[in-house]
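Given the structure of chain A, go ahead and fit chain B onto it with the hints provided.
What follows is each chain in one-letter form.
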Amino acid sequence: MAPTQHGQAISHDDEVVVIVGSGAGGGTVAHELTARGIPCVVLEAGPYLAPADYGNDEWGAFNQMAWLDNRTASGPYRVARDFPNLPAWIVKAVGGTTTHWAGATPRFKDYEFGIRSYYGGLTGANLLDWPISLADLAPYYDQAERAIGSTHRHGRPGLPANNNYKVFANGAEKVGYKFYATGPYGTNAEPYDGRPGSIQDGFNFQGDKHTSKWSTAVRAIPRALESGGATCDRSPRPCRSPTTRLAG
Amino acid sequence: MAETSTEASITPRARTALVRLLRVAYPHARFPDGPYERTADEVISQLDASLWHRLTLTQGLESLDAAAGGDFASLDDAAALILLRGMADAEFFRFVRGVAVVSIYNDHETWGLLGYEGPSYEKGGYIDRGFDDLSWLSDPRIEEYDGPEMLVEVATDDEPGTGGTKN
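Chains A and B, in that order, are what the protein sequence lines are. Take the first sequence: its letter number 136 is residue 136 in the numbering used here, and every next letter is one higher. In short: position in the second sequence from 1, add 1000, done, that's the numbering used here.
The shape of chain B in the complex, shown without the other chains:
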């Protein structure tokens, strides 16, 4: 990764740990590395200018290696997950999650892999493209019920004056 003034404190090793963290925290076997790498870069790009913020992430990522006994990125999924669960409330991890949960699933490469079709308006919506194509159930009523039963809005026990905690 190119070292720039704004990313100077994020070393390639720390970025590798971050990519690995993201795959363990948001595990999708079918995702290639691209979405995780782009999400890591989004996390890094959203670091604000404060030294404190930058140190928090850097030290948090370095602490992963320490907790892993040397190299977090080399842990298997199960061991990495146990380690991450132990630091779920760490400030750096909360920041990473706040960015990642909305970035990783907005990466368009993940959409098709998850079965999400994306924009539909230009294709005329779904009205003629399967919005009602489910055929293993009978077609249900769409109108409101107009039979003999009356809607009971409040259970008898919950009517005021019938005890419980009511005044």
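Bound-form chain A, shown alone:
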């Protein structure tokens, strides 16, 4: 199968940044670079699925966009016994697993940067603390939360309480928990950044047809392509020859 190409053709003689994968990392990098006038070619192993292609069907979506290559599992855990060959639910399509991702956008806690300090002393483990702290990342969290449109952040409202939340929040309050809320989530409670508020259709993991949930497939990649600086390229083999080529 010939790769499908999206975006402007780029001459073989032009210098470009080649990005492997169009998920959270690759898609974001393509957008940021093309916004600065740096042309990119994004190689993506899966197809370019648009929101109109997403379906309200759990198993159908799995077969549509999951990485279906045979998985092997071994060891004592139950998955190895029950489903040793079931592919993992990660996405092989433009947007990567941001399309399947639930949308939760919590920040790490400070202690999580000190893995050796907090969890060290485990025989046979070579843990290290990160050389950076939460404070070092704070400005980038701010940027990401604005790009994603995280609820409860930077003046944006929270998502409304659904029935599940009503039960859990009431239960949390009764056992003395205070730190609960309906977010932060990367799904619009009201229109933001050109995308509408959620209609609560209940199909977040299968790709949000309404585009209320952020993903690189609905934000970064289309913008990179529109900038005229990115190409997205697709081919039938994973990794070695991608199925989608995005240029911008």
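Honestly, the hints are just simulated from the structure, not real lab data. Heads up, a few of these hints could be off.
Straight-line C-alpha distance at most 20 Å; calculated DMTMM-like pairs for lysine to aspartate or glutamate [as the list claims (entries may be wrong)]:
#1 A/92 <-> A/69
#2 A/178 <-> B/1144
#3 A/92 <-> A/129
#4 A/92 <-> A/57
#5 A/166 <-> B/1139
#6 A/166 <-> B/1132
#7 A/174 <-> B/1146
#8 A/109 <-> A/69
#9 A/109 <-> A/82
#10 A/174 <-> B/1143
#11 A/174 <-> B/1139
#12 A/109 <-> B/1159
Small disclaimer: the values here were computed from a predicted structure and weren't measured.
Structure of chain B alone, referenced to chain A:
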């Protein structure tokens, strides 16, 4: 069942045993036979071309009859369940489960019986159709807590240098 070249090794009797196995392994009294029969056919259709794979399922299903003393399909639910638990790790049964667990609940006839409403996007989602209609609890706060208590991220006992297994 029509005998075809790809299904030649699955006899009607073996298929009957498979349908019965599925109902005992995934028991839902309200399900008619259709979902179990379609799931059995899905299991059979996913047999690959290797003779080994085919024999594994065929012999596994035949072993059910042997273990049941003649006719697995005639055992009552309790007896059939005991028999199946005894062969939970058999290769053929693992293959059947791997296909069945995702097929039987994707059979649309089961959705309504389980209270699952299916697609909603074309109906405008649930935002105006009951996603928050629970009324037997008070409406909880949705904003983050901003009271006087501070979040304790790490318990005092777990701070480094306080003993335990930490370095």
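Structure-based check of all given hints:
1. In summary, the hint linking residue 92 of chain A to residue 69 of chain A is supported, as the alpha carbons are separated by about 10 Å, within the 20 Å threshold.
2. Between residue 178 of chain A and residue 1144 of chain B, the direct Cα distance comes to roughly 9 Å. Compliance with the 20 Å bound is thereby established for this hinted pair.
3. Taken as a hint, the residue 92 of chain A and residue 129 of chain A pair is broken in the structure, with Cα atoms around 32 Å apart against an allowance of 20 Å.
4. In summary, the hint linking residue 92 of chain A to residue 57 of chain A is supported, as the alpha carbons are separated by about 17 Å, within the 20 Å threshold.
5. As the CA atoms of residue 166 of chain A and residue 1139 of chain B are separated by approximately 7 Å, the hinted pair is consistent with the 20 Å bound.
6. The suggested pairing of residue 166 of chain A with residue 1132 of chain B holds, with an alpha-carbon distance near 8 Å, which does not exceed 20 Å.
7. A C-alpha spacing of about 17 Å is found between residue 174 of chain A and residue 1146 of chain B, which places the hinted pair at or below 20 Å, so the restraint holds.
8. For the suggested pair residue 109 of chain A and residue 69 of chain A, the alpha carbons sit about 35 Å apart, so the restraint of at most 20 Å is broken.
9. Restraint check: the Cα-Cα separation between residue 109 of chain A and residue 82 of chain A comes to about 35 Å, which exceeds 20 Å; the hinted pair is violated.
10. Distance restraint check for residue 174 of chain A and residue 1143 of chain B: the Cα-Cα separation of roughly 17 Å lies within the 20 Å cut-off, and the hinted pair is therefore satisfied.
11. For the hint pairing residue 174 of chain A with residue 1139 of chain B, the CA-to-CA distance comes to about 13 Å; that is within 20 Å, so the pair holds.
12. Straight-line distance between C-alpha atoms of residue 109 of chain A and residue 1159 of chain B comes to about 14 Å, which keeps the hinted pair within the 20 Å bound.
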